[in-house]
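A.B. asks: Go ahead and model the full structure; you've got the sequences and the hints to work with.
Each chain, written out:
There are 4 protein chains.
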Amino acid sequence: MSSTYGEHLKLSIFGQSHGAAIGMTLDGIPAGLPVDMEQLQHFLNRRAPGRQDFSTPRREADRPEFLSGVVGGYTCGAPIAAVIPNTNTHSGDYANLKDCPRPGHADYTAQVKYGGYQDAAGGGHFSGRLTAPMCIAGGLCLQWLAGKGIAIAAHLASVGNVADTPLDPMTPALSAIGTDFPVIDPAAGHAMRRAIADAKTHGDSLGGVIECAVTGLPAGLGEPIFGGMESRLAAILYGIPAVKGVEFGAGFAAAKMLGSQHNDPFAAENGRIYTLTNHAGGILGGITNGMPLLFRVAVKPTPSISLSQQSVSLTRLEPTALVVKGRHDPCIAPRAVPVVEAAAAIAIMDAYLAQTKF
Amino acid sequence: MSSTYGEHLKLSIFGQSHGAAIGMTLDGIPAGLPVDMEQLQHFLNRRAPGRQDFSTPRREADRPEFLSGVVGGYTCGAPIAAVIPNTNTHSGDYANLKDCPRPGHADYTAQVKYGGYQDAAGGGHFSGRLTAPMCIAGGLCLQWLAGKGIAIAAHLASVGNVADTPLDPMTPALSAIGTDFPVIDPAAGHAMRRAIADAKTHGDSLGGVIECAVTGLPAGLGEPIFGGMESRLAAILYGIPAVKGVEFGAGFAAAKMLGSQHNDPFAAENGRIYTLTNHAGGILGGITNGMPLLFRVAVKPTPSISLSQQSVSLTRLEPTALVVKGRHDPCIAPRAVPVVEAAAAIAIMDAYLAQTKF
Amino acid sequence: MSSTYGEHLKLSIFGQSHGAAIGMTLDGIPAGLPVDMEQLQHFLNRRAPGRQDFSTPRREADRPEFLSGVVGGYTCGAPIAAVIPNTNTHSGDYANLKDCPRPGHADYTAQVKYGGYQDAAGGGHFSGRLTAPMCIAGGLCLQWLAGKGIAIAAHLASVGNVADTPLDPMTPALSAIGTDFPVIDPAAGHAMRRAIADAKTHGDSLGGVIECAVTGLPAGLGEPIFGGMESRLAAILYGIPAVKGVEFGAGFAAAKMLGSQHNDPFAAENGRIYTLTNHAGGILGGITNGMPLLFRVAVKPTPSISLSQQSVSLTRLEPTALVVKGRHDPCIAPRAVPVVEAAAAIAIMDAYLAQTKF
Amino acid sequence: MSSTYGEHLKLSIFGQSHGAAIGMTLDGIPAGLPVDMEQLQHFLNRRAPGRQDFSTPRREADRPEFLSGVVGGYTCGAPIAAVIPNTNTHSGDYANLKDCPRPGHADYTAQVKYGGYQDAAGGGHFSGRLTAPMCIAGGLCLQWLAGKGIAIAAHLASVGNVADTPLDPMTPALSAIGTDFPVIDPAAGHAMRRAIADAKTHGDSLGGVIECAVTGLPAGLGEPIFGGMESRLAAILYGIPAVKGVEFGAGFAAAKMLGSQHNDPFAAENGRIYTLTNHAGGILGGITNGMPLLFRVAVKPTPSISLSQQSVSLTRLEPTALVVKGRHDPCIAPRAVPVVEAAAAIAIMDAYLAQTKF
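Chains as they are written, first to last, in this note's numbering: chain D, 1 to 358; chain P, 359 to 716; chain H, 717 to 1074; chain G, 1075 to 1432.
Please keep in mind that the hints were generated in silico from the structure rather than gathered at the bench.
Among these hints, one or two may not hold up.
[What the hints assert, rightly or not] Listed next, the in silico BS3-like pairs over lysine-lysine satisfying Cα-Cα at most 27 Å (straight line):
# : chain 1 : residue 1 : chain 2 : residue 2
1 : D       : Lys98     : P       : Lys715
2 : P       : Lys715    : G       : Lys1431
3 : H       : Lys1041   : D       : Lys148
4 : H       : Lys1041   : G       : Lys1431
Note that this is a predicted model, so its numbers are computed, not measured.
C.D. replies: If you want it as structure tokens, here you go:
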């Protein structure tokens, strides 16, 4: 575990927010898979900061350099390694965090775990910036899965108290999700942006819920018990900073349903088995059933806020009022949307590769 | 993955519901840890069927036989293996399931994955009965963690539309949870039992939400990114059949909070650092912060119901009305409460052992 | 690691020599593979004690009970679990070993590692008896690989100073190996038996070298660097007690050859690529090249001998003369031959399953 | 497996010989361990090419750039990533290898495994150059183990038919190994260099045996069965290209000894338990016994030789005479000495970290 993920593919994420570079290695990918660097950059740009009114003004290109594993536009069978140099760092902004931990951040737990040796600048290895290498790996997996007819897309189900139109669990219209701002209903998108701008004005922040659907999945992916798709997906989704909840299909709402309501009846048409509803979110017994896979992720409000907060001095063990400096998103959820897609793609690619033929 | 779990400890679960036996192996446990077999049996009895009005009348003792790893009341350093023979099986009840999959069950996905070679009887390896070996491993971990002052307890936060008093995130009163029926508020317990009995009368089933708290945890458990406590816990909790949602601390509610509300301010008292609220559920950056760890798990309604349901014949590919026979819990949530505790104990024991000293 | 092995399949070995049972779980095996129990028993009998003049008189049937994973003669996709009850134990024979460690055994290192909590009886988890569950897993893999045209057989290349005819690296005649005593040259076999009987008479013991060949392997098995076939095979072969050396192809002799002698020239015939010699033992860059895979394993002399030996009392820290009681093989190498075959089969099965198609 | 190693630490090696860079990530290292970059560079220089008469004239600095994990001279708890850019590549030298595989190389097996998508230039991911990142990881582990009083050193036990004085298994004089050329006996060193120069003159190559000892190890490292020190060490040592044999302690010679000769008698002195001989090479039951750990590694002759060799055209399937161009070591064994030390250090560090306290 730690900063590695995967059963058959092995993803290893490294880097600190203000170190020399962040990056990833991805081992276990078959040779001969095409890599479209332009499409990957387009995907990474969706996560990159500094591009939208609602995100941090820290602007970095997030241009990965591939060190290995891709030759002539195709995977060569060797591990793929890619790095993104850190160019625009303001470490001075974080000088006081080692003594005075930011509420809602990993500053304190890192201090306890690493005994003061942690790289505190910019959150170090715990920074949301580490989702960029996850997006390199996930962006590649998205391309390869697309080649199998598997599409993955997420939208902002809600930001604060503003809700978007939910995806239809039976036929999620992935293409209806906006490319500029990831919502289905443009009016909801405008209201979300307003709410985010409002929170920013008050020096505060907002959370949100991201809903993601996967279509085109074959039935039979996943393994029993701890190898189920829910376990695989949740394990990587909780690797995204700020995620505090994950639910599949009807999720927590299922707990209030009757069995007769929740069970998805089976039907057959033209030799294809399907279900008439999709409360299961496309997963039965941990294994895909061929219906759209559907899950939602709760993202907490950005812990870095401009308002003064109560903290303590770890050396003097006395109360301190903390004002977090630096550049921060008032709502991380919009930029987390492609990260959720990336995480889902990695988990599904891994489950796909874990299938055996003998 | 598949049916194994763990980074430092290695838990492997085996067995099919109507096979010769179910069991587990647990490798990586240090030598010299005491094992109280009576206390373990007491814990297993909480999960065992046939003991309560709300559970399946299938009655099996769930008495584990330890084959290895425990000598003279202490772990000996070798892998621990324990089995529970299956004695009370009615395989005839399941004869038709291989052709006609039960809605909400793994019958169909197992058929696709294993091409007809799966053990369909009683749900085979996908049966809820496989939570018994998980409880052997978890019951042992609970004892060992208790020796470190770490207590884990869960209750039924809700069954259907009936809610129990929630645990206080700052000082969860674990001892206030009933031993007869796992709720804090006895009136809520009565209402839940009535609702379950009512569902049973109608041939239907109910779901529920289980809330679990862990107290006495040291700060510093867990690893960054994919090794965080949320990833570790979610990965094993989703290994419990019927779990469709997992959230930590404020969870999905966090998505509607402002950062200034959600962030838990730090304070210090007598040299101890703590937070004034606990919306984080005791986890920051994936790592425990010394506050109570708190999470909730959504359990779907039991898919096996007596009402006639629509399914298909997999061979004839035509609609079939299915009436599920066999003995089933109208609500699995009460018996899942100790399983959630067991799963949490395993994940925490693993995170504990994964800590290194050099 | 510890007592588990495998990348795609997961083998877990448990049990102590004089505990209730020994056994194994084998996860990750595809569904639908046939299991011939009679053939498996025949294979296990080759390892079982008490059947030959050169082996320990402890006689146990080594009859595995399958608890899960096999239904109607086929794997069902769920983990396979099998146990062998321990019936014929004389724990009294080992009462003094906890204080006075046997030279050449794990008694002392187990004491240090487990602090006195180890199961010392019969060597506990370190006993050669733990190779029986390895043979259950390996015996199954041998059957499945045979179904792919892959044959694995080993013989005693030497016992003490008596050498058998070596296998031809280009066309190893696996069927020429004796079924009664695993040698190619019957005269060498007689000389080996005499040497073993002679050592026994003197209360002493002998070692040996086991040579193993695998034919019918496709080219392309194995992964680069740490996933090479040599790493995979060596890791499991060193899991067999008493193995102290492993070499592939020309092995240590390669260190004395010139490159022009050692390099195997490539040739082509009827569209098939092969090499004109096989000093590489069928492995180039860790990956099979389609030639016979060939390796040798050095087995040390049985450490349990009847002669008086010098040891120490761990409590009194003073010299003690030790006479090992109990029943022991004067040479373990003959019974280790099927274990080596089993280990090779497991490693090859794992490498086979680790191949991905996308 | 594949290009990752380790149970508690996770080492991932990436890069191709003529790609942009080679490198490694090392996860699971505790925070606060000191890193001496100068000492590391000194260690890497021992492996680096172009520095000695017996090695390839390809000259590259092998200067690692640390991207993460080290801050202010100490590990920070986050994964360590380091890269070495490839600067001096002559890919044109390898243009014909994709059609005409070099005998003794991975060219053919890579072609089969990766279907023509492999990076053939310079051996790609199979190049001996990939031992440089292994030396980064191992060089760090050597420093940390040295801080615990654990010393690891190797020498050339033989090159071709020239043998060095062997290390004394009881008190291996690690400091007696030459720093200029890794032998104990300078005369043997001169004879080895002459033999290598002679092979080079003839367009041929030599192999060798490397002997390595580890002193200062505590008793109790390693785990039973597949987690034994021999399994751990062999798995990583076989990850070094050209290694074809690994033996521990008396190794293959043990197979010719009597038990009464091979067993190491126990003794006690001043409260310390030790053995009077060390045929076990410091490992009993897979677990260190506190005596020097001793092993030998067989290195095959460099497959790249200037002499014309027989190969085949993979496209035309007909014989081809191949003359390997490029720059190659006539004997790789001298430069492999620090790689063996590095591999041993990684395996021992991993075993050290895998120890648990509870």
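A.B. asks: If a hint holds in the structure, say so; if it doesn't, say that too.
C.D. replies: How the hints compare with the structure:
no. : hint                   : verdict
1   : D/Lys98 to P/Lys715    : holds, 22 Å
2   : P/Lys715 to G/Lys1431  : holds, 9 Å
3   : H/Lys1041 to D/Lys148  : violated, 64 Å
4   : H/Lys1041 to G/Lys1431 : violated, 35 Å
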